[in-house]
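Peer 1: Each chain, written out:
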Amino acid sequence: MNWPKYSGLSSLWYLMPNERNNFKMDLKCMCSKEYKKIDKNDLDYLKSITDSSRVFFKDEISEDYSHDELNTVRGYPEVLIEPLNTGEVSKIMKYAYEKDIPVIARGSGTGLVGSCVPLNGGIMLSMLRMNKILELDQENLTLTVEPGVLLMEIAKFVEDHDLFYPPDPGEISATIGGNISTNAGGMRAVKYGVTRDYVMGLEIVLPSGTVFNPGGKVVKDSSGYSIIDLVCGSEGTLAIVTKAILKLLPLPKKTISLLVPFPDLKTAIGSVPKIIKAKKIPTAIEFMQREVILAAEEYLGKKFPDNSADAYLLLTFDGNSKEEIEKDYGVVAEIFISEGAYDVFISDTDERKEMVWSARKALLEALRASTSEIDECDVVVPRNKVADFINYTDSLQKENGIRIRSFGHAGDGNLHVYVLRDSLDEKTWKSKLSQVFKKMYSKAEELGGLVSGEHGIGYAKKEFLSSHYGIEFIELMIGIKAAFDPKNILNPGKICQF
Amino acid sequence: MDIIVCIKQVPGTSKVEVDPETGVLVRDGIDSKMNPYDLYALETALQLKEEYGGSVKVISMGPPQAIEIIKEAYMIGADEGILVTDKKFAGADVLATSYALAQGILHFKRFDLIITGKQTTDGDTAQVGPEIAEYLKIPHVSNVLRIIKATKKHLILDMDMPDSIGTIKILFPCLITVEKDIFQPRLPSYKKRILTMNREIKIMGISQMADKDEKKYGLAGSPTKVERIFPPEEKFDRETWTGSGEALAEKMTKKLKELKFI
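Chains as they are written, first to last, in our numbering: chain A, 1 to 498; chain B, 1001 to 1262.
Quick caveat, the hints were computed from the structure, so don't treat them as lab data.
Even glycine gets a Cβ: it sits at the ideal position worked out from N, Cα and C.
Treat the hints with care, as some may be off.
Residues of chain A placed beyond 10 Å of chain B at every Cβ, according to the derived structure [what the hints assert, rightly or not]:
#, residue
1, Glu69
2, Val73
3, Glu98
4, Asn131
5, Leu141
6, His161
7, Asp168
8, Leu206
9, Ser208
10, Ser226
11, Lys254
12, Lys280
13, Lys322
14, Val356
Derived list of chain A stretches under chain B, where covered just means 3 residues or more per stretch with a C-beta under 8 Å from a C-beta of chain B [claimed, not checked]:
#, region
15, 300-313
16, 478-486
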């Protein structure tokens, strides 16, 4: 097969229909574009449009920038730049576009699918210095921020003003830019939705250096294609976000968490659809098993308030008065007890919430500490299929002789299933992991689910995406990518590019 | 083992404001909760009861709405509760509070052990526990870290002292104040809430006390006079880290980045 000379998009878009049939077998050989390597002239120019103290070349670049938290995909940029404003980003992009140099943006590097790992060298833009909260508009309930502001800073800032930015993906040291790029979800998605639901406007820099401002401080928007929704979740492949207008809500005055012990996970998860059906929507419904709680106790050196049951649900309710919340959770508590819960424990003070949620937030780290290597499947299934999926992963453990653990969002159907290597040798681990992953993704598909709920596709999950959606869908994505980035310089090799 | 636990209702948040003109705490619209240190006292009592049998009773002094924390103690597992409340008890300092509580405790007739939290989060004096014991003329130990053993007649405990830990044998009846983290407090239970919804809570005013001398209670019985209440000066947080040079350097870099100094 002859690829067109310019093959930015791995050329799939330009294939004749009969050639497209070879798509699958040729997936591996389509990343052949040669980009320009950065030389002294490029470096001098990049320094001249920024500041030499914020430009790092090759050996000056810390190892941290060569990976994200997935840690298995690695690659260094040739040059790392820390831009301070949109003007600098635009000039850098324009230059890279002219010279055919790949560019990748990076926030805190807390991603889990290798999205911010450069596969072709080039320029990395660390957005961490663009970290200002620009404006709180209390009349429109919006917050305008630069991309490098950390989630914990946003949460604290708005809460001090009695306002609320609901997306809460757990990783509070992540940047808002990174959250927008993956359309981060988090624990409050059951009631409040995901990042995309809270982005009202963006300032973006296109690969050509052009600056656009899709959306704005408007509640409604029926003005053509939603560029915002495309950029949200595009993992830095379409444009660079340099500013975001976020939607805020009034801060709910009270929250109460419930910790519900069950005899087993099946009963626990099986009761969740009944809660939803009763039209009592908690902000979060998390599930966890005794074994991971014990691991978290050991990891934190702190006891969990109860560890006698095999499985737990952890829910949060919010509202404006204690009475309102008590009424809601009373109904829920009765449902749980009639479904077989041992009891319903109430966590209503800061100390108690800290006690249960610190354990929930430490589960992943605790699990990591309990084994030699870990890989994760972040599928999302319809809410009433969570129990089916979890039971399936349980059966996979026995079938494949490998430890599989899961915990996460029982309320929104987004599962975090962890496959643990323990003492398996490299070859056995890889082969078992691959088998188990294939089975899990195909089970998710069978249940009407999708490849990723909130971590994204990046590098690590793209084959699962293509096998899920099939060639025509991937072609459509490639076409969108081409419209934004005709020279394919922005984070190449991710999501839909092979 | 019959155990009495002293509990107190405190503001639900640490962000309490002081009215700059009157010097009075702004309590409007502020939630209240059981003093977090008392949860450790209650948990210690429940653990002892589970191991050695007996009963757990709670007593609190405060305004009528403090009844909420007695209900909460029932949801956690307490068997019986008394609220000591009377307008004449208002404005009590630690001494008058201890006296009123000691009088209230006499109502329980018999007990082996009184447990209090180390201190409260609003007053922070850590004096009420020991003063109750002095009024009741029973031995007491503060800052208990661990209960090593209990028999029908005594407890053996570890007590936290500034530079060392003392192991102590103390005979019943006695009073101990327990440190945070002696046990992990359990959460209130919905099932117990339903079960104890109508359980009696005894209310005691000055007329139910053995000693009805008004001069010993409230403001009249308080030798402490508060001249002024003012917000503390802002402090700058300090953290001490230990570890290898390399790990510390990384931690420091991370912290400086987080604080946006670099």
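Peer 1: Determine whether the non-interface label on Val356 of chain A survives the test: each CB of chain B must be over 10 Å from its CB.
Peer 2: violated, 8 Å
Peer 1: The output says Leu141 of chain A does not contact chain B. Does that hold with a beta carbon cutoff of 10 Å?
Peer 2: holds, 22 Å
Peer 1: Can we trust that Lys322 of chain A is non-interface, i.e. its beta-carbon lies farther than 10 Å from all of chain B?
Peer 2: violated, 8 Å
Peer 1: Determine whether the non-interface label on Ser226 of chain A survives the test: each CB of chain B must be over 10 Å from its CB.
Peer 2: The claim holds: Ser226 of chain A sits with its nearest Cβ about 33 Å from chain B, beyond 10 Å.
Peer 1: Would you check chain B against the region 478-486 of chain A, counting CB to CB pairs closer than 8 Å, and say if three or more residues qualify?
Peer 2: Three-residue rule not met by the region 478-486 of chain A, so violated; n is 0.
Peer 1: Find the nearest Cβ of chain B to the Cβ of Leu206 of chain A and say whether that gap is larger than 10 Å.
Peer 2: The claim stands: Leu206 of chain A keeps its Cβ more than 10 Å from every Cβ of chain B (closest is about 29 Å).
Peer 1: Does the claim that Asn131 of chain A lies off the interface hold, with its Cβ farther than 10 Å from every Cβ of chain B?
Peer 2: violated, 7 Å
Peer 1: Please check whether the beta-carbon of His161 of chain A is more than 10 Å away from every beta-carbon in chain B.
Peer 2: At roughly 14 Å from the nearest Cβ of chain B, His161 of chain A sits farther out than 10 Å, so the non-interface label holds.
Peer 1: Compute the least Cβ-Cβ separation between Val73 of chain A and chain B, then decide whether it is above 10 Å.
Peer 2: It holds; Val73 of chain A is separated from chain B by about 22 Å at its closest Cβ, greater than 10 Å.
Peer 1: If we take the beta carbon of Glu98 of chain A, is the closest beta carbon in chain B still more than 10 Å away?
Peer 2: At about 32 Å from chain B, Glu98 of chain A clears the 10 Å cut-off, so the statement holds.
Peer 1: Measuring Cβ to Cβ, find out whether Ser208 of chain A lies farther than 10 Å from everything in chain B.
Peer 2: Given that every Cβ of chain B is farther than 10 Å from that of Ser208 of chain A, nearest at about 31 Å, it holds.
Peer 1: Test the statement that Lys280 of chain A is away from the interface with chain B: the closest C-beta pair must be farther apart than 10 Å.
Peer 2: The claim stands: Lys280 of chain A keeps its Cβ more than 10 Å from every Cβ of chain B (closest is about 14 Å).
Taken one by one, the earlier hints fail for this structure at numbers 4, 11, 13, 14 and 16, listed in ascending order.
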